[in-house]
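Protein chains in written order, with the working numbering: chain L, 1 to 417; chain F, 1001 to 1417.
Source of the hints: derived by calculation from the structure; they are not laboratory data. Certain hints may be false.
As a list, the in silico BS3-like pairs of lysine-lysine whose alpha-carbon atoms are at most 25 Å apart [what the hints assert, rightly or not]:
1. Lys1343(F) x Lys63(L)
2. Lys31(L) x Lys410(L)
3. Lys164(L) x Lys1343(F)
4. Lys343(L) x Lys1063(F)
5. Lys1410(F) x Lys1272(F)
6. Lys1409(F) x Lys1030(F)
7. Lys63(L) x Lys1063(F)
8. Lys164(L) x Lys152(L)
9. Lys208(L) x Lys223(L)
10. Lys1063(F) x Lys1164(F)
11. Lys1231(F) x Lys1290(F)
12. Lys1272(F) x Lys1409(F)
13. Lys343(L) x Lys1164(F)
14. Lys1223(F) x Lys1208(F)
15. Lys1031(F) x Lys1410(F)
Next come the chains, spelled out residue by residue.
Number of protein chains: 2
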Amino acid sequence: MKTPEGNSLLTPETSSGDVRAKSFSFTISKKMDGLGRAGLIRTPHGDIQTPAFVVVGTKANVKGITSDMVRDLGAQVVLANTYHLYLQPGDNIVAQAGGFPRMMNWDGPSMTDSGGFQVFSLGEAFGTGVSKVASGEDIVVSERKGYDKTNKNAFIDEDGVTFKSYINGDQHRFTPERSMEIQWNLGADMIFAFDECTSPLADHDYQKEAMDRTHRWAERSLKRHQELDPKNIQALFGVVQGGRFQDLREESARTLAAMDFDGFGIGGSFNKDDMAQAVGWVNSILPEEKPRHMLGIGEPADVFAGVENGCDLFDCVSPTRVARHGRIYTADGYINLQNGGFKQDFTPLDPECDCYTCQNYTRAYVHHLLRAGEMLGQTLGSIHNLRFMVRLVDDIRQSIYDGNFQEFKKEFLGRYY
Amino acid sequence: MKTPEGNSLLTPETSSGDVRAKSFSFTISKKMDGLGRAGLIRTPHGDIQTPAFVVVGTKANVKGITSDMVRDLGAQVVLANTYHLYLQPGDNIVAQAGGFPRMMNWDGPSMTDSGGFQVFSLGEAFGTGVSKVASGEDIVVSERKGYDKTNKNAFIDEDGVTFKSYINGDQHRFTPERSMEIQWNLGADMIFAFDECTSPLADHDYQKEAMDRTHRWAERSLKRHQELDPKNIQALFGVVQGGRFQDLREESARTLAAMDFDGFGIGGSFNKDDMAQAVGWVNSILPEEKPRHMLGIGEPADVFAGVENGCDLFDCVSPTRVARHGRIYTADGYINLQNGGFKQDFTPLDPECDCYTCQNYTRAYVHHLLRAGEMLGQTLGSIHNLRFMVRLVDDIRQSIYDGNFQEFKKEFLGRYY
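In isolation and in its complexed conformation, chain L is listed as follows (with noise of 0.2 Å):
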């Protein structure tokens, strides 16, 4: 029987010794040339190696994909949304079922994000179908369909953000201190600080007053981090705002990096083809010895020039979401596995995939599950596609160490694109 206890945060006081000490750390172990590195993030539930792709849980789930298979597909950690958990079932209830790792039964190490992405997808973007990235080849799935696009549905001011629920309509509030004590509640081994995210639409005036914003935030969010965990159990990373803009980026790095973060966040909106330069304007600056997380992006020629820019952590719905829609990442690009050219084709998804799809299952029964709305079709191409990404970014670490990244990197996006 699964009883709260262990990592519970409803009684942090139990913990003993300094935690943070033991547990929390972040090693390089090897630089590139430029600023790109591999590394170690050490955890109070295991290891990291980095660069490393973030498995996204949203809703204390990887959909369709039980813990085990997570674990078995070789991701390090998951990523759960505190804006989706704080609604349901509530990060009360998570907490008391011990924290959302505990209650997903994943055993590694996890994050939470800070909730700041769901306040521009329901704000400024909500209805719009603008994503995080301005242009280029992602894809805008819209999972909010049927709802009015002419609202907005949070409301942002000095203190905090007002928004209401997807669920019901109800209206929420979220507040930096809000945002720590939910993320306290949720349990996960890092966590981030109350940002706003902006649309990559708006001007430079809108961009500098809502990193401001995120600055003072930042500053709240710790504040009553150290409140809520003196011994500081969970790592708390700042989010870097300031847009498409290079002043702005530079000042929101140096403004947190002045801060006692235990890593960094790159939020908010990018021009796609613009997107490895303001990285690299931001890690130029962040300091070297703490890690860096890019959220919410991941294709794959994202992660190539997040890596070579300096990041370390990348998470991304996108191979699941787009896995239940059919489109599978092979090594020559994707393919569209509801197309009818598959019908007969006893191939393995990707050929050269060593996940556990392409190993028992093939493009003609997975095409098949797909077309007869079969939900296990969907949960096999979501293994397959976050096997590729994990993959991708453990091979991009091993040609760190291999001192040859720039020959793996073209040939795998010559490849794949």
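Could you slot chain F onto chain L? The hints should help.
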């Protein structure tokens, strides 16, 4: 890479020797007072300890569950639906994949039904809410919502059945010969003669007419089977019909017993209260030395009644179908995990269960997933309910060996209902 080979039924001439003699057999190991027995079915893909619960993999997958999970929960044999696989992806595709078990990565014993049940559900029963069972506690969950409920979609004549595809309305036709050909392509170890499954509301005259036709179809099925499969690689079961009427059930059992079938299905409609009696009429006549499959029946009380009256195999979609709606079997009867009362229940789904779900997750977690519309909730619930039924029939079998079936039945049903 998977290629169609091995048990591919496109090239039966590649088989050598008398596969049947080596592969399909049934032996009784222990008899109860009356008709009940425990035994062993041997198939080309492994043994089945009987009585056994047969897991249903309608469209060549158990909904939401990988075949490894099906194995891990103790299932001995999987049954797929001829009607569904004929329409999607098509039996020729399945044959190219090496048969449905290979397609779905199931290497154990397998069965397909005849398609006759769909004649009933698309014809007489279409849109009426009438189940195979005329009364009792069975819940009927329509999966055909949105269809015009005033039209039948199947029409029976002496030669066969014409029906409309539920997918696109196209017209199709099954005959006994066609059913054998399709089941040959689907490649199961055990298959069923084509039959007409009548409504429990049909009168004696119609039941007699349908039963006589089913007997003529049984002869034609046998003949076509022997042409397709002279070495009898597939074991063919005849299906006893006759509705609720003793004279018809007995006549059907006598008629089919005289034909050269490898086993028997007991199909069609019953009054819930009389089911045990009707099965007893049939099994008193069927040859003792051949296995008997009670088709599409599988609530706990039904399984006890079936075993006690001489049935060896049971299949039912209920465990997974009701799990997807949150109904979870426990030793103390079923619970509905969607109910708000489970929001903070951090105990396993069934505290006495040894399934993967109960070992690793709580009621509160699966409640959360179901309420959040996360398909993993359906998967975890289905794993539990299937394990519950598989283990129940395993325990019934053990009670036969231990000589305490009646005690076990009384104890189990006393708690469950």
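Problem set entry | Hint consistency between lysine 1231(F) and lysine 1290(F) [alpha-carbon to alpha-carbon, up to 25 Å] | Holds, because 19 Å separates the two Cα atoms, which is no more than 25 Å.
Exercise. Regarding the pair lysine 1031(F) and lysine 1410(F), is the alpha-carbon distance no greater than 25 Å?
Worked result: 19 Å, holds
Exercise. Does lysine 152(L) lie within 25 Å of lysine 164(L) when you go C-alpha to C-alpha?
Worked result: 9 Å, holds
Exercise. Taking 25 Å as the top limit, are the C-alpha atoms of lysine 1272(F) and lysine 1409(F) close enough?
Worked result: Answer holds: lysine 1272(F) to lysine 1409(F) is near 18 Å, not above 25 Å.
Problem set entry | Hinted pair lysine 31(L) and lysine 410(L), Cα distance within 25 Å | 19 Å, holds
Exercise. Within a Cα-Cα threshold of 25 Å, do lysine 343(L) and lysine 1164(F) meet the stated pairing?
Worked result: 22 Å, holds
Exercise. Taking 25 Å as the top limit, are the C-alpha atoms of lysine 208(L) and lysine 223(L) close enough?
Worked result: Measuring from Cα to Cα gives roughly 23 Å; hence the hint holds.
Problem set entry | Hint consistency between lysine 164(L) and lysine 1343(F) [alpha-carbon to alpha-carbon, up to 25 Å] | 22 Å, holds
Exercise. Does lysine 1272(F) lie within 25 Å of lysine 1410(F) when you go C-alpha to C-alpha?
Worked result: 19 Å, holds
For this session: Decide if the proposed pair is consistent with the structure: lysine 1343(F) and lysine 63(L), CA atoms, cutoff 25 Å inclusive.
Result: 20 Å, holds
Exercise. Does lysine 1223(F) pair with lysine 1208(F) here, judged by a C-alpha cut-off of 25 Å?
Worked result: 23 Å, holds
Problem set entry | Given hint lysine 1063(F) paired with lysine 63(L) - CA-CA distance at most 25 Å | 15 Å, holds
Going through the hint list in order, the structure satisfies each hint without exception.
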